[in-house]
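J.: Spelled out, the chains give:
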Amino acid sequence: MPAFILRRLAQTLLVLLVTSALVFGGLYLVGNPVEILVNPAADEIEKARAAAALGLDRPVLEQYWIFLKGAASGDLGRSFVFGRPALEVILERMPATLELAFLAMVMSVGIGIPLGLYAGLYPDRFSSKAIMAGSILGFSLPTFWVGLLLIMLFAVQLGWLPSTGRGPTEEVLGIQISILNIAGLRYALLPSLNLALFKLSLIIRLTRAQVREQVLLDYIRFARAKGLPRARVIGVHLLKNIMIPLVTVIGLELGSVIAFAIVTESIFAWPGMGKLVIDSMFQLDRPVVVAYLLVVVLMFTLINLAVDILYAALDPRVRLDGSRA
Amino acid sequence: MKSILCFVLALVCGPAIGQELSIALSTPITSLDPHFHNLSPNNGMSKHFFDPLVKQDEQQNLKPGLAESWRAVDDTTWEFKLRKGVKWHDGTEFTAADVIATFKRVPNVPNSPSSLSIYTRPIKEAIAADKYTLRLKTERPYPLLPNDLSGIQIIPKKVAETAKTEDFNSGKAMIGTGPYRFVEYVSGDRVVMAVNDKYWGPRPAFAKVRFRMIANSAARVAALLAGDVSMIEGVPTTDIEKLAKDARVRIASAVSNRIIYLHLDSGRARNSPFVTDLAGKPLEANPLRDPRVRKAISKMIDRDAIVSRIMEGQAKPAGQLLPETFFGTSKRLKPEKYDPEGAKKLLAAAGYPNGFGLTLHTPNNRYINDEKVAQAVAQFLTRGGIPTRVDAMPSAVFFSRGSKLEFSMLLAGWGAETGENSSPLRSLLATFDAAAGMGPSNRGRFSDAGVDALLSSALTTIDDTKRGLILAAATEKAVGELQGLVPLHYEVSSWAMRKGLSYKARADQYTFAFEVSPAK
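If you read the protein sequences in the order shown, they are chains Y and F.
Be aware that the first sequence starts at 131, since it is given in the working numbering, and climbs by one per residue.
Be aware that the second sequence starts at 6, since it is given in the working numbering, and climbs by one per residue.
Simulated from the structure, these hints should not be mistaken for lab results.
Treat the hints loosely; a few may be bogus.
What the hints assert, rightly or not - Only pairs whose alpha carbons sit at most 30 Å apart, straight line, appear in this in silico BS3-like list of lysine-lysine: (1) F:LYS250 <-> F:LYS92; (2) F:LYS336 <-> F:LYS409; (3) F:LYS60 <-> Y:LYS177; (4) Y:LYS177 <-> F:LYS409; (5) F:LYS339 <-> F:LYS213; (6) F:LYS350 <-> F:LYS321; (7) F:LYS169 <-> Y:LYS177; (8) F:LYS136 <-> F:LYS109; (9) F:LYS142 <-> Y:LYS177; (10) F:LYS169 <-> F:LYS213; (11) Y:LYS177 <-> F:LYS136; (12) F:LYS109 <-> F:LYS142; (13) F:LYS350 <-> Y:LYS177; (14) F:LYS60 <-> F:LYS142; (15) F:LYS129 <-> Y:LYS199.
Unchecked claim - Only part of the chain F face toward chain Y is listed, based on derived beta-carbon distances under 8 Å: (16) ASN116; (17) GLU171; (18) ALA199; (19) VAL200; (20) MET218; (21) ILE219; (22) ASN221; (23) SER222; (24) ALA224; (25) GLY442.
Since we're looking at a predicted model, the values are computed, not measured.
All C-beta atoms in this analysis are idealised placements derived from N, C-alpha and C, irrespective of residue type, glycine included.
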């Protein structure tokens, strides 16, 4: 197992290097940040000063080399726009995105699995069909549209919840968290619901399909024949066996919820990383974009690692010695 | 029961307009350091906490700020009489030494992506004759110094000498003379401020102000309708009509200082990159160099149609670089009439009776409806005999490529920060000269010795009346006669607020909480 983890981390390092080179080169080709950052009234003298201040007057390979040297010591460069270390800018926005992702995942798992189980166990009931029809809507409606609809309904028409923004935060272990109090939760409810909708539908459908497949298998019949109570058959035997594909999907989706909450964040003016990185791309704020993607890649790899370890816990046949896939 | 009712009411009723004012901005600020990034949202925000020597009113006319009066002592010396008895937020007194220290800091802010030194560079020497008299020496006569200085917020000497950009963002260095004091800043989310009871000017109507950054325009409108904010800037043109009919909302609009225009490649003699013959093959000659062709293009465009259909009335057809109410504009220039027949004649006279092919490049996320306007222009040109394609791209790509002269025709905009006509003339129509800092945004490379001569004489004429006339003459020559660029329209900027509030709409598009008042 330690060897497995070590090898995974080495692979991660390689992926990080390739990502940084691609993003660096890509953004270099898009345009010259100075043209976007300086005031339109700025003349060539001021443009030259800005280029020098941001280190953009050097050849691109040298800029990349300077970046790599910094990165080796944990310094991912300074944001052109904010003038602060890029990593600091990102980490400052991270709690907002993480709490949104967390709430969204709790909603999709907490609602999705029970509904999926129900629809799978009683496929012929009308309510099951309604759940399945709803789930189709859930992943086919565009997020930005649903988001605006939620705002129009719950904030503008009914006035129950605030339309946009993040609620009051409180500090926990040095991190600003907003979802630990009612006031903050009211703000987080709509955006996390919007973010959860797609995953929720996915989990419902996946759970149902798994249940339909597994209830016909011998081990369920055997458990029933043995006279085990129904709750135990479903809650232990069935649930444990349908969890493996679910864990994979939930793991992947958790990553994508964190990395791609962009649409939801901009509609709900949620001050998270997604909104930051979109702004940074438009302003060609290269250090922030590079640092963001590196953070995201790292996060994905770590989540995948966690998923693999979970597999082993759920399914004793899976071994993590790496000799077999 | 009572508590449930209160709870429900609290949920249902939006925050009432009271002592706290909450405003949604369309673009997040990047820093609270007033000298770090010369960017409109930053400049607008910092004017709540700090004051410049010279202020601009809602039509961008100059008015006293921390300086009570100013005059040109001789051709190269400006004298500013400073306001007495002004106190910094920490209680110490404001003097000329603070101004000098501020000017010293401006060009030296580390890592600044766009500094304010373009405004202080003309100052050769700053002398405090006494505590309240400041003399500024310039290399050459520099009539625009008061206009330029309206962009520089003054900070206390001890802050100017020691504070870093981080100290402003954390609030530690946020000591100004402005109408509001700093309370809180959360990057990308909000800025909160409280009224400065000792402010030297008129007291703002609201004791506490909360600015929120809501970049998505639909979400901004929703936040206003839901009552989460009581005022928004940048009302999307598609929502104006609906909001104007809404009994809860009130709209304030003003023609802005921003013109939307076409720059045509008038620099290259041959092989302009996107000029083709009718079959789509590159054309060697560059017809855009001929002022008659540029005039013809201008005549092909129905500006009224663009304003009413695409801009939903939120623009005004343009005939020069700034609306006529601004200093240095021409009284004679009017928007070019839609005249396809006249255009045909001009094209034929220039030797292109059958036209030629063009591509119009435009940003698609920079100006109000920019890509749609470009599409309309291209259709008018195509109908007029110049088949035109549109190539739209994000501004990050557009401006880099435009400055490398990769386009033949481009759509762009210009906001005159100084509030007078030398700003667009100098940036868009003066002959490009990197060393002299002229024509930095002249992406059509228009060049005319006569216009340059008029402009340089205007830029050294201290007398306001004379300077205004020269600038008007330069505009008439550069735009009216030579069509160095084709003006399309001036954007109208709009604010929407809950009934019960009023705002004097500003030409410079700034949103100032201290100018919001309860409606009379």
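J.: Does each hint fit the structure? Answer for all of them.
T.: Outcome of the hint check:
1. F:LYS250 <-> F:LYS92: 45 Å, violated
2. F:LYS336 <-> F:LYS409: 35 Å, violated
3. F:LYS60 <-> Y:LYS177: 27 Å, holds
4. Y:LYS177 <-> F:LYS409: 14 Å, holds
5. F:LYS339 <-> F:LYS213: 45 Å, violated
6. F:LYS350 <-> F:LYS321: 27 Å, holds
7. F:LYS169 <-> Y:LYS177: 22 Å, holds
8. F:LYS136 <-> F:LYS109: 17 Å, holds
9. F:LYS142 <-> Y:LYS177: The hint holds at about 25 Å.
10. F:LYS169 <-> F:LYS213: The hint holds at about 27 Å.
11. Y:LYS177 <-> F:LYS136: 35 Å, violated
12. F:LYS109 <-> F:LYS142: Distance of about 14 Å is within 30 Å: holds.
13. F:LYS350 <-> Y:LYS177: Distance ~43 Å between LYS350 of chain F and LYS177 of chain Y Cα, so the pair is violated.
14. F:LYS60 <-> F:LYS142: 21 Å, holds
15. F:LYS129 <-> Y:LYS199: 41 Å, violated
16. ASN116: 4 Å, holds
17. GLU171: Where the cut-off is 8 Å and the nearest Cβ of chain Y is about 7 Å from GLU171 of chain F, the hint holds.
18. ALA199: Interface hint status for ALA199 of chain F: violated (17 Å vs cutoff 8 Å).
19. VAL200: 22 Å, violated
20. MET218: 7 Å, holds
21. ILE219: 4 Å, holds
22. ASN221: 5 Å, holds
23. SER222: 11 Å, violated
24. ALA224: Constraint on ALA224 of chain F satisfied, holds at 5 Å.
25. GLY442: This hint holds: GLY442 of chain F lies near chain Y, its Cβ roughly 3 Å from the closest one there, short of 8 Å.
Taken one by one, the earlier hints fail for this structure at numbers 1, 2, 5, 11, 13, 15, 18, 19, 23, listed in ascending order.
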